[in-house]
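Each chain, written out:
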Amino acid sequence: MNKMKKGNILMENVIFIILIIVFISILFVFVTRQGSNQSVLEKQLAKQIALVIDEAEPGTQVQIRVEDEFNKYPGGKIQVDNNVVNVNFGSGAGYSYGYFNKVNVESNILDLNSDGFKGRYLTLIIK
Amino acid sequence: MINKIGGDRLLAIYWFIMFVIVIIGLVSGVSIFFSKPLDIREAEGNILADKLTNCFINKGIYLSSFMDRFDSEGLEAVCGLVLEDKTGYYENGNEQYYIEFKIGDKIASSNDAVKSKLHGLCEQEDLRKNIPICVNRNFFVLKDDKFEKVEILVIVDKVKQNAL
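So the sequence lines, in the order shown, correspond to chains H and R. For the record, in the first sequence the residue sitting at position 26 is 26 according to our numbering, with numbers rising by one throughout. For the record, in the second sequence the residue sitting at position 16 is 143 according to our numbering, with numbers rising by one throughout.
Each hint should be verified, as a subset may be incorrect.
[Stated by the list, open to error] Here are the simulated EDC-like cross-link-like pairs (lysine to aspartate or glutamate), alpha carbons at most 16 Å apart as the crow flies:
no. : chain 1 : residue 1 : chain 2 : residue 2
1   : H       : Lys102    : R       : Glu211
2   : H       : Lys102    : R       : Glu275
3   : R       : Lys233    : R       : Asp177
4   : R       : Lys244    : R       : Glu218
5   : H       : Lys102    : R       : Glu203
6   : H       : Lys43     : R       : Asp166
7   : R       : Lys270    : R       : Asp232
8   : H       : Lys127    : H       : Glu55
9   : R       : Lys229    : R       : Asp239
10  : R       : Lys213    : H       : Asp81
11  : H       : Lys77     : H       : Glu67
12  : R       : Lys287    : R       : Asp166
13  : R       : Lys178    : H       : Glu57
14  : R       : Lys242    : R       : Glu222
15  : R       : Lys287    : R       : Glu222
16  : R       : Lys186    : R       : Asp271
17  : R       : Lys178    : H       : Glu55
18  : H       : Lys127    : H       : Glu106
[What the hints assert, rightly or not] Heads up, incomplete: computed chain H residues facing chain R, CB under 8 Å, no partners named:
no. : residue
19  : Leu27
20  : Gln34
21  : Leu41
22  : Asp54
23  : Phe117
24  : Lys118
25  : Gly119
[Claimed, not checked] Simulated restraints on C-beta separations:
no. : chain 1 : residue 1 : chain 2 : residue 2 : range
26  : H       : Ile26     : R       : Asn185    : 54 to 64 Å
27  : H       : Ile26     : R       : Gln251    : 37 to 47 Å
28  : R       : Ile159    : H       : Val22     : 52 to 62 Å
29  : H       : Phe30     : R       : Pro164    : 35 to 45 Å
30  : R       : Ile234    : H       : Ser114    : 35 to 45 Å
31  : H       : Leu110    : R       : Leu291    : 31 to 41 Å
32  : R       : Pro164    : H       : Ile9      : 48 to 58 Å
33  : H       : Leu110    : R       : Phe267    : 39 to 49 Å
34  : R       : Gln251    : H       : Phe30     : 51 to 61 Å
35  : H       : Gly92     : R       : Gly220    : 19 to 29 Å
36  : H       : Ala93     : R       : Gly152    : 34 to 44 Å
37  : H       : Val22     : R       : Ala240    : 53 to 63 Å
38  : H       : Gly7      : R       : Ile140    : 16 to 26 Å
Treat the hints as calculated values from the structure; they're not laboratory data. Positions of the beta carbon are idealized from the N, C-alpha and C atoms, including for glycine.
Bound-form chain H, shown alone (with noise of 0.2 Å):
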């Protein structure tokens, strides 16, 4: 009677432990896709590249680290042009914002392999 008693008290326990792990997994999965979902990417991208080219003097190289994007999202592309940054996830028009520098960029994504530079970046000439 006794030990069906203790027995009843650690499967309840158990299945409240399972319960709570379950519940911090949600919601560990949910924040973690909350911060990188597809538009979110694309607007914190497009005004960092923006932002980067308002910066810049004619002369520039800049390499911005796009590995953890392009690995998320494949078939994503990145266009620089005409005063326009647009940056597309998926198979929508994607985000585009503004730049206010008179300057024309060459932009391409290229796999880099050297001291400093590993895996996938975005470089951007500024001419």
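Given the coordinates of chain H, assemble chain R onto it according to the supplied hints.
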């Protein structure tokens, strides 16, 4: 004994309810945080003010040809700027930036049409809600061997992409 088991169950339910409340709080907090757009207008305004400063000052000395070139060619041509938003988010793309430059008694501005629309909003900036961001710069430069006060005002609108 029965009371003890009942008490334990009640405590577990209470614990569970507390846990659910904490989760609801965290989920709503995270959702609210990520649903707000990243506001980069202050950074944009500061970069624009730096660009303008570098445009008319060379090693702390005012370039005397600046005002004449400003009047004849316009600010965008002189300082290498494109003050028009071409993203298509705004109907009035050329009204997203406003620059005002004052040295001595001379005042020059990038777009007079925008002045009345944006200028008055700088006083309400403490509200910081759905209004443009204003960046002010005040400093002295050497002009004809005398120190002259320079005032720069940069206003960045772009509310739709940064505040809504």
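Mind listing which of the numbered hints don't hold for this structure, in increasing order? Of the numbered hints, 2, 3, 21, 23, 24, 25, 28, 29, 30 and 34 do not hold.
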